[in-house]
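To convert, take the position in the sequence shown, counting from 1, and add 979; that gives this note's numbering.
Please note: incorrect hints may appear among the correct ones.
To be verified - List time: in silico BS3-like cross-link candidates among lysine-lysine, alpha-carbon distance up to 27 Å:
id, residue 1, residue 2
1, Lys1314, Lys1225
2, Lys1316, Lys1259
3, Lys1346, Lys1111
4, Lys1137, Lys1660
5, Lys1454, Lys1569
6, Lys1111, Lys1569
7, Lys1299, Lys1237
8, Lys1111, Lys1048
9, Lys1048, Lys1569
10, Lys1136, Lys1225
If you're looking for bench data, these hints aren't it; they were derived computationally from the structure.
Note that this is a predicted model, so its numbers are computed, not measured.
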Amino acid sequence: MQFIREIFRIRLPRLNMLTVAAISLFASKASFGQATIQQVDIIGKTTAVRERQDDVGMRSIYGREEIEKYGDTNLSEVLKRLPGISISEGAGKGAEIRMRGLGNGYTQILLNGQATPSGFSIDNIAPDLIEKIEVMRVASADMSAQSIAGIINIVLKKKSSNQASEFKTNASLQANRLSGNVSWSLGAQTPEEWGDISYVIAGNAESNTYDVNISLAENVAVFQSANGQWQTQIRRQLQQSQQNRKDGLNLSPRIQWKIDAENSLNWQSNINASRLEQAKHEQDDSDTTDFPMNNSLWAAHVLTSRNDLSWERRLDDSAKLNINFGWNRLERDAKFKFWGKDSQANLQEIRYVNGAALENEYRLSGKYLAPYSADHVVSLGWEVSHALRNENRLERDVQVSDSSVISDAHFYQARINKFAAYIQDEWSINKAWSAYLGLRWERITSSSKELVAADGFDFNNVATMASPILQTVWKQTEQTQWRLAMNRSFKLPSVANLVPRRFRVDNNNTPLNADFQGNPQLRPERAWGLELAYEHYFGSTSLISANLYRRQIDDIIVEQLSQSGGSWLNVLSNHGRANVMGLEIEVKTKLAELSSRFPDMELRATLNRNWSRMDNVPGPDNRLSQQVPLLISTGADYQLLPRLRIGGDYHFQASNTTRESEYMRVHRNPKRHLDLYLAWKQNPQSQLRMSVSNVLQQDSADSDTYTTPTARWNDNSRQQSARTWRLVWELKL
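Take the sequences, apply the hints, and build the full model.
Have a look at this one:
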C-alpha cells in the first residue's frame, strides 16, 4: 500500500513529460532506413474480452449481445448497465452520461471516433443501429483529449451485404403510457458490372410518451440573533407534472466501394428528424411567488445529420493512408409559451419565446500509418474543422392587467475552428511488454457576435493544448497483466457557457433556482492523469480487473452565485484546483468455463469508488458537483432451457452530500435499480424478448440548502418513477 500511496503523490512536470513523449516516439533498435518491414496481419478476435486483453490501451468493448439484451429503445438505458457508467437525470432534463462519477463535459461522447456535433443527444441514436460501444479510460492521440473522465465511442453498424437482414418491433408500457418502436437493417451487393459495391440501409422509427411528476417542499428561514434560533418565514409546497412526447425517424445508410486491391471508398451517414413536446403544469400553496399557478408548453423540431466520406489507400509494406471528409448539420426550431396565474387562477402574464438555430460544420482529417519496423507501428495525423452557428431568440412578455408588452430579441452568430495534429507509436518492446506513446496538439478558437445590438454578446476565446500520452502493458503471465498510463487532458467550456446572455427562470427566483449567465473569460480545465491497473483473464469471456486512477484538474469551472438587480444569478468562473481519485473493480465469468459441472450461467459485478476535493471550497464534503461517490452493480444471465434465457441487473448508487460553495450544500439520496429480462428463441430466425425495467420503482429524492449567516433556503424534491414493461420481436431474414 505504501507503493500505491507514493504513486498518487507523483508530480508530473510538463517539460519532462513532453520530452519523454517526443524522444520515445522515435526510439528504435534500428534506424528507419535499416528497418526490416514486415507484413502486418490483422487477426480477428474471438471475443471482446480477448480483444481487451490484447489491446495496449485501456479499452473495453461491448458488442451486440450487451446492447440488445433488454430490448432498450434509448441508448442511455444501454449505457447505464455498462461497468463504471452512471446516468444522471432530473426534472425531465436529458440524460447525462457519467464515467467515474463525472459528466457535464468530463466524459466525452464520440460517434465513429469523432466528436458529436452541438445539440446532439445520445438518445437520437437508436441502439439497433449500433455495432459496438467502446469505453476508454485514456484516449489515444488520434482522438480528442477533451476526456478528463474518459471516452465513450459509439460505433454504428458496418454490416456487410452477406449478413442477414434484420427487422425488429418493440412496444413498451410505462405508467399507462404506450410507446412503440420499429427498426430495420437491409444490406445488398450491386451487380458485378457496377463494381465491388455493397450498401446497408439501417433505420429506426419511434414514438415515445412518458410522464414526470415532481413534488417540492421549500422553506425559507431567517436567523434571530436575539434568541439564536432560525425562524421560518416561508413554507411552500409545489406540485409539478410533465407530459413528454418524442416522435423520431433515424436513418443510418452506409455505402462501401472497393475500387481495387489498394483503394476503397466509404460513406457513412446518420440522419435524425425529431419532434419533441413537453407540457408542464405547476401549482403551489402559497402567495410568495409571482405565479403560484402556471402552465407552459414547449415544442421543437430538430433535424441533425452527420456524414463521413473516407478514402483508404493501402500502400507498400502494409502502410495505409486514410483521408476523411465530414459535414454535420443541425436545424432546430422551438416555441415556448408560458401562462402565469395567481392563486385564484387569474391570468397575470403570458410569455412567448421563439428560438431557432442553424449550424453547419465541415471537417477534414488524414491519417498515415506506417509499420516501419518489426516492433513499431507509427501513425501521423491531422484534423481541421470549421463550424458556423446562427441562432436567434425572440421573447415577448404580455402583462394582462394593462396589456403592456415587453419585447427582447437577440440574433447572434458563433464560430468554432479546430486544428489538431498528432503522432503515435505502438511499440512491441518484447513478447511480454508493449507500449503506446502519443503526442497531440490542439488549438480551438471560438467566437460570437451579436448581429443586431452593438453591445451584444461578442467574445473571442482561444484555447491550445499539448497532450502527451503514455500507455504500457506488461504481461506477467499468459493470464495476468499490469497496465500503466499517464496523460494530459482538458475540458473545454461550451459556446453556450461562453455567451454572456442571461437566461431567466420562469418563476420563483431564489439562490436554489437562480438565473444563469455565461462568461466569455472562461479558461479550459486542464488535468494530469495517472492510471494503474491489474487484470487476470481466465477462459475466453472471464476476467478480474482492478484499476486505480488519479486526476489533478486546474482551473475548475464552477457557478458563482450573486444577487443582480434584485434577482439571484449564477455566473460560471474558473475557481482553483481539484484532485480526483478512485478505485474500479470488475469481475465477470461464465461458470461453464470454470467447470463442466456448473450451469450455463454468466455472472458479473463491478464496484466504483470515487473521491474528489476542491482546494478553494471549504470542507467537509468539498467534492466536485454531483460526483457519484460509490456505484455497485451485479448481474447474471442463465440459459434456463435451450431456447429460453433469463437474466437481470441490479445497480446501487450511494447517497452523496456535496458542498459546492461556502454556502451551498446538495444531498442526493441513494438509488437502487433492478432490471429483468426473458428471451425466447422461437426458431433460428426469430426471437421474442420481454423485459421489465425499474422493478423496484424507487422515487428519486434530493435536497438543496443555501445558508448564509442571516438566511437559509432549503428545497426537498421527490420525483416519481415507474416500471417499464417492454416486449420485443426480432426477425432475421
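(message) Tell me the hint numbers this structure goes against, listed in increasing order.
(response) none
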